[in-house]
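Could you build the full structure based on these sequences and the hints that come with them?
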Amino acid sequence: MLRDHAVPVAFAFESELFSVLADFVKACKGNVRGLPTEMIAGWVPMIVDGAFVTSQTQFDNTWSTDRTFKKLEASGILSECLRCMAVPQEQASVDARDEMVDRIVTAIVSCPSLLRKKFKEGEPCGDVVLAILDGKDGHTNTQAFVTKQLQGIVQSLRSLDAAGTKT
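Going by my numbering, the sequence shown opens with residue 1, and the numbers climb by one from there.
Hints should not be assumed to be uniformly reliable.
[Unchecked claim] Below, computed lysine-lysine pairings styled on DSBU-like, alpha-carbon distance capped at 35 Å: (1) Lys-117 - Lys-70; (2) Lys-120 - Lys-71; (3) Lys-148 - Lys-120; (4) Lys-71 - Lys-136; (5) Lys-136 - Lys-118; (6) Lys-71 - Lys-148; (7) Lys-148 - Lys-26.
FYI, nobody ran anything at the bench for these hints, they're computed from the structure.
Have a look at this one:
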């Protein structure tokens, strides 16, 4: 699917495309909880996933997972992607979305430095995950798979903290 169409990731970062997209998502609030429409919410994880897959496979000198996600986080699109993942999708889109969510979350938890620095309370990504799990952000009817994935991020962070892993 998306792997067949390389996303010009380096150019996207240089031109601040992901920062602009994050601002766009923030402005596309389709309801009182401040979430984008279902269509926008479906596209954002696909774009983030496409950027990640491309950064791992399409360059002569591939980027590390950590480097890719640090850049996505710095642009603001990663926290917006997490919020978009919480917006329910039509059943026909759920399987594809779940595959992308799984790939994104698996990549995030494989980066201990990113997890400890950017997913703690007080950081945009950490605050979004905690708020969604507490029912204060995101959709009130978040699908169980997404909730489980977000809980996995929190559990991974707690495990790192308990182990005292240095970054």
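Do the hints match the structure? See the list:
no., hint, in the structure
1, Lys-117 - Lys-70, "10 Å, holds"
2, Lys-120 - Lys-71, "17 Å, holds"
3, Lys-148 - Lys-120, "18 Å, holds"
4, Lys-71 - Lys-136, "26 Å, holds"
5, Lys-136 - Lys-118, "19 Å, holds"
6, Lys-71 - Lys-148, "25 Å, holds"
7, Lys-148 - Lys-26, "24 Å, holds"
This entry satisfies every hint, going by the numbered hints stated previously.
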